[in-house]
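Number of protein chains: 2
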Amino acid sequence: MSKGNLRIVGIGPGDAAWMTPEASAIVAQASDLVGYAPYLARLPERAAQTRHASDNREEISRAREALALAARDKQVAIVSGGDPGIFAMAAAVFEAIETGEPHWRALDIAVAPGISAMQAAAARLGAPLGHDFCVISLSDNLKPWPLVEQRLIAAAEADFVIALYNPASKARPERIHDAFALLRARKGGATPVIFAHAVGRAEEKIEVTSLDAADPSRANMSTLVIIGSSATRVIARVGAPPFVYTPRSASGLPSTWP
Amino acid sequence: MSKGNLRIVGIGPGDAAWMTPEASAIVAQASDLVGYAPYLARLPERAAQTRHASDNREEISRAREALALAARDKQVAIVSGGDPGIFAMAAAVFEAIETGEPHWRALDIAVAPGISAMQAAAARLGAPLGHDFCVISLSDNLKPWPLVEQRLIAAAEADFVIALYNPASKARPERIHDAFALLRARKGGATPVIFAHAVGRAEEKIEVTSLDAADPSRANMSTLVIIGSSATRVIARVGAPPFVYTPRSASGLPSTWP
Numbered sequence: 005m006s007k008g009n010l011r012i013v014g015i016g017p018g019d020a021a022w023m024t025p026e027a028s029a030i031v032a033q034a035s036d037l038v039g040y041a042p043y044l045a046r047l048p049e050r051a052a053q054t055r056h057a058s059d060n061r062e063e064i065s066r067a068r069e070a071l072a073l074a075a076r077d078k079q080v081a082i083v084s085g086g087d088p089g090i091f092a093m094a095a096a097v098f099e100a101i102e103t104g105e106p107h108w109r110a111l112d113i114a115v116a117p118g119i120s121a122m123q124a125a126a127a128r129l130g131a132p133l134g135h136d137f138c139v140i141s142l143s144d145n146l147k148p149w150p151l152v153e154q155r156l157i158a159a160a161e162a163d164f165v166i167a168l169y170n171p172a173s174k175a176r177p178e179r180i181h182d183a184f185a186l187l188r189a190r191k192g193g194a195t196p197v198i199f200a201h202a203v204g205r206a207e208e209k210i211e212v213t214s215l216d217a218a219d220p221s222r223a224n225m226s227t228l229v230i231i232g233s234s235a236t237r238v239i240a241r242v243g244a245p246p247f248v249y250t251p252r253s254a255s256g257l258p259s260t261w262p
Numbered sequence: 005m006s007k008g009n010l011r012i013v014g015i016g017p018g019d020a021a022w023m024t025p026e027a028s029a030i031v032a033q034a035s036d037l038v039g040y041a042p043y044l045a046r047l048p049e050r051a052a053q054t055r056h057a058s059d060n061r062e063e064i065s066r067a068r069e070a071l072a073l074a075a076r077d078k079q080v081a082i083v084s085g086g087d088p089g090i091f092a093m094a095a096a097v098f099e100a101i102e103t104g105e106p107h108w109r110a111l112d113i114a115v116a117p118g119i120s121a122m123q124a125a126a127a128r129l130g131a132p133l134g135h136d137f138c139v140i141s142l143s144d145n146l147k148p149w150p151l152v153e154q155r156l157i158a159a160a161e162a163d164f165v166i167a168l169y170n171p172a173s174k175a176r177p178e179r180i181h182d183a184f185a186l187l188r189a190r191k192g193g194a195t196p197v198i199f200a201h202a203v204g205r206a207e208e209k210i211e212v213t214s215l216d217a218a219d220p221s222r223a224n225m226s227t228l229v230i231i232g233s234s235a236t237r238v239i240a241r242v243g244a245p246p247f248v249y250t251p252r253s254a255s256g257l258p259s260t261w262p
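Protein sequence lines correspond, in order, to chains A and H.
Add 4 to the 1-based position in the first sequence for the working numbering, that's all there is to it.
Add 4 to the 1-based position in the second sequence for the working numbering, that's all there is to it.
Chain A extracted, bound-state conformation (with noise of 0.2 angstroms):
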């Protein structure tokens, strides 16, 4: 039985303010640090700490080579972006797991989990998740665009606001345009629509427009884009940017309001 582990932790969107302290503890704490490398390069270094970094999309191997580790008496964090929970680590190394070496089965194995964009991009604008909402990668790396499609309109239809991961990649960039003409079909123009870059890093933007403004080109790698539900509503102000929300009541406003 080995002595080691491993923590699957999130570190958040970039911010240290919002990175938990069972992460922190757990970072400081780790003989072998493995991760993609712009994730662990956020970091500090430490003495007697190994790291081991890993291009973006190499996530399988990634997972072997920290449980291969942790199997070896080492204690290890694997770290994601975000929440390792909602498109990033955890699935993977969940995956290999069970298709990997029965005794990695064995081992200790705990989730920590993070804050992920799409809160920190909601936190930033007011409180556009305040209702059902639906999330959904565009990246159709691992499963069939007919399958997004069918997601996209079902979230539609249904009214849900929509959070979009991966929205853009440099082999697909049109997806996002095929997203966005869905979408366009199905929900008013004036829905409100935000595009929002690297929250928590030094170059974070967020543009606040709506389903007929918008260009969906804006969105790349590091986007995370939110569509409203036909109750979210933008709060304008004097002098510094909107707020966006969606009310907790579904039909908008109660119609009982004072």
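Hints are computed from structural coordinates only; laboratory data are not their basis.
Fair warning: there could be bad hints in the mix.
Since the list gives no way to pick out one identical chain from another, each pair is judged satisfied if it fits inside one copy or across any two copies.
[Said to hold, decoys possible] Here are the computed lysine-lysine pairs in the DSS-like style, where the Cα-Cα straight-line distance is at most 30 angstroms:
| no. | residue 1 | residue 2 |
| --- | --- | --- |
| 1 | Lys174 | Lys191 |
| 2 | Lys191 | Lys147 |
| 3 | Lys78 | Lys7 |
| 4 | Lys7 | Lys209 |
| 5 | Lys7 | Lys147 |
| 6 | Lys209 | Lys174 |
| 7 | Lys209 | Lys191 |
| 8 | Lys174 | Lys147 |
Position chain H against the provided structure of chain A, taking the given hints into account.
Then chain H, alone, in the frame of chain A:
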């Protein structure tokens, strides 16, 4: 122009190790704490800090009280369990702003995100939210039940993972049974179902079952329910609870798996 401010703060699901440094700093510096009494009770007592505790159902009046304090030059933190932007206080505050005193829009207002219950529950289990998912409140206090049904049906038919907030209330215990009947008519009986009770608190309890075997009356007011997609997997372990995860590939494990 008021010198006050209002911070809408997420204190996470219960475990202090899940409360962000940003949230802790805001709570420490506030002159006035406003919130549902059990959430305020989690925070350390401080001299020279005024507490304004209220009951659960009073979200809008609580939001107005917080805004009025900020307008009177107070440093106000309105606290919320979980993430204030996900079925919590932020939407109520922005509703109160939109429908309230015009000068409230000029106040210094910001949201501090937190770990939401679905993330804490997912972390305990593995990665059940590892692919596209929908987040639905079953409360029909502020929305018509047919809209809840429409959204459950859309989520089931497009094969999303589903996270259910507010699955049960004393006033309407039948709603969770109605929801399960809808889902059972549309999803496989072996679909993994999770009842996560009071995650991060002393009374935490997590149950993993299947849609066929699930007893909806297990859900209470402190339960977060997760229902898998057709791809969601359960990894059995010897002498430990199973892992539950949803693979990054929508069709389950890649067919090219070695």
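Legend entry - Intra- versus inter-subunit Cα pairing at 30 angstroms for lysine 209 with lysine 174: within (20 angstroms within a copy, 44 angstroms between copies)
Legend entry - Intra/inter-copy verdict for lysine 7 and lysine 209 if alpha-carbon distance must be at most 30 angstroms: between (44 angstroms within a copy, 27 angstroms between copies)
Inset, instruction - Since the copies are identical, ignore which copy is meant and state whether lysine 78 and lysine 7 lie within 30 angstroms (CA to CA) inside a copy, between copies, both or neither. - result: within (7 angstroms within a copy, 51 angstroms between copies)
Inset, instruction - Classify it for me, lysine 7 with lysine 147: is the Cα-Cα distance of at most 30 angstroms met within a copy, between copies, both or neither? - result: For lysine 7 and lysine 147, neither the intra-copy (37 angstroms) nor the inter-copy (51 angstroms) Cα distance is at most 30 angstroms.
Legend entry - Same-copy or cross-copy closeness of lysine 209 to lysine 191 [CA-CA at most 30 angstroms]: The answer is within: 25 angstroms in one copy meets 30 angstroms, while 40 angstroms across copies does not.
Legend entry - Intra- versus inter-subunit Cα pairing at 30 angstroms for lysine 174 with lysine 147: within (17 angstroms within a copy, 41 angstroms between copies)
Inset, instruction - With 30 angstroms as the alpha-carbon cut-off, assign the pair lysine 191 and lysine 147 to within, between, both or neither. - result: This pair counts as both: shortest intra-copy Cα distance 25 angstroms, inter-copy 20 angstroms.
Inset, instruction - Have a look at lysine 174 and lysine 191 and pick one of within, between, both or neither, based on CA distance no larger than 30 angstroms. - result: within (27 angstroms within a copy, 36 angstroms between copies)
Violated hint for the displayed structure: number 5, the only one.
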